[in-house]
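Asks: Given chain V, put chain C in place with the hints provided.
Which chain is which? The protein sequence lines are V and C, in order. One gets the working numbering by counting positions in the first sequence from 1 and adding 164 to each. One gets the working numbering by counting positions in the second sequence from 1 and adding 37 to each.
In case anyone wonders, no lab produced these hints; they're calculated from the structure. Any given hint could turn out to be false.
[To be verified] Computed Cβ-Cβ distance ranges for the label pairs, DEER-style:
(1) Glu280(C) - Ser263(V): 30 to 36 Å
(2) Ser247(C) - Ala282(V): 19 to 25 Å
(3) Glu194(V) - Lys283(C): 54 to 60 Å
(4) Ser263(V) - Asp296(C): 44 to 50 Å
(5) Ser275(C) - Ser263(V): 31 to 37 Å
(6) Ile280(V) - Asp131(C): 47 to 53 Å
(7) Val224(V) - Ile269(C): 51 to 57 Å
(8) Asn314(C) - Glu194(V): 48 to 54 Å
Each residue gets a CB set at the ideal place from its N, CA and C atoms; glycine is no exception.
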Amino acid sequence: MNHSAYFDVELFLSIASQKQLKGLKVNDKEIIEKLCKKIDVVKHVYKFYSANLLVKESGVEISREAYLTLMSILKHYAMTHLDYKYLNTCFKLNDIIYSKGLCDIEVYSNNYHELIDAF
Amino acid sequence: MKYLDLTVLFVDSMPSRVYMAMLKKQGLIPNKIIYIDIVEPTSRKFNLLKSIVGGFLAKKAYILYKYLNVRKTYTLGQRLLSEFELTYNDLNFDIFKYPAYEVDKVVVTGLGDLCFFEKILNEYNKTFLFTGGGILKKNLLSIPNSKFIHIHPGLVPDIKGADCFFWSCLMKKKPGFSVFYMNPGIDTGDIIYSKEYEFQYSEDKYGKYSNNDIYRALLDFYDPALRMLTLIELIKDSGRLNEDIKFDQFKSIQQDPTDGRTFFFMHKVMRNYVIDNLKVK
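Bound conformation, chain V alone:
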């Protein structure tokens, strides 16, 4: 597989999580917006997509760590900007992560209460 033609979600998330304290760039936000759609509509995020993120190029979902990183990035942005769209996605992502067995009830519950407090 020629990786340069694909979008590597896990790689993006690891870079974005380091950037998030300094602030995400416009391009990063566009990518996160597209990843939101995967969570909201498809309920899965896969490891590789086409360069424009429209077509999945892998049947393998991102790792547990990547899901949790995505949650952390989205939650941070949603709460600092009171962005209701991202907040909505965070609630769904929290449900998804829990239903996939990627976190225990305590993490789920902590996330849930943090998100509720954002209102």
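Replies: Leaving out everything else, chain C in the frame of chain V:
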């Protein structure tokens, strides 16, 4: 009675019935109605049920489920309809006896069915009002000279996507509606008209119901009534309420598809937050 130069694509549902009742009440009659008889629902839940209990039982269960849902919020529905001087009786009509020039029927398996495409392709009148949920396929939207009007519960381009009645209430503090010509994008078509309304949920007026029931009733009755009211306001504002209405005379404004944001279905927590905030304190 004034005739609308319009073919209504009627998928039998509560919102579609509200659409038709609102038009009739205003004395606006579409030239033609095409009743789209979808053989069975296409939702994922229905298909799952069908695979377990079979098509016959799944269809019966689906009808029963819809009936019970409406029954649960019967009084609330009645009260919401009364805001538009409508009653349940106004919704209880036989579409084949509706006072249009012509009522036709097409039986399809879904909106992507070739029969449906061919039916639309061969229609003389090329302006359609789509009353159902679901997405019209690209091939349909690209039929030459055809225009499909959609009334969307949000001011586009700011509020596009799903659950937009509630997203509007959250983001704009009031429900807003846009009339536009559909294109293959999500709510990115050329805008003909838009309008916002005030709404608060008064428990004294409408009664105490669970947020889930309020959500359902608003979507079944209030939202479609406001959608159609927006179309009526468009006609009124154009000063053409006293003449037969030709839709190709309305000017439209092109949208930049990259403007605004596309929202998705609300998580139950968000939905409850919005509905709680709609309630008069």
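Asks: Quick check: which numbered hints come out false for this structure?
Replies: Hints 1, 3, 4, 5, 8 contradicted; others consistent.
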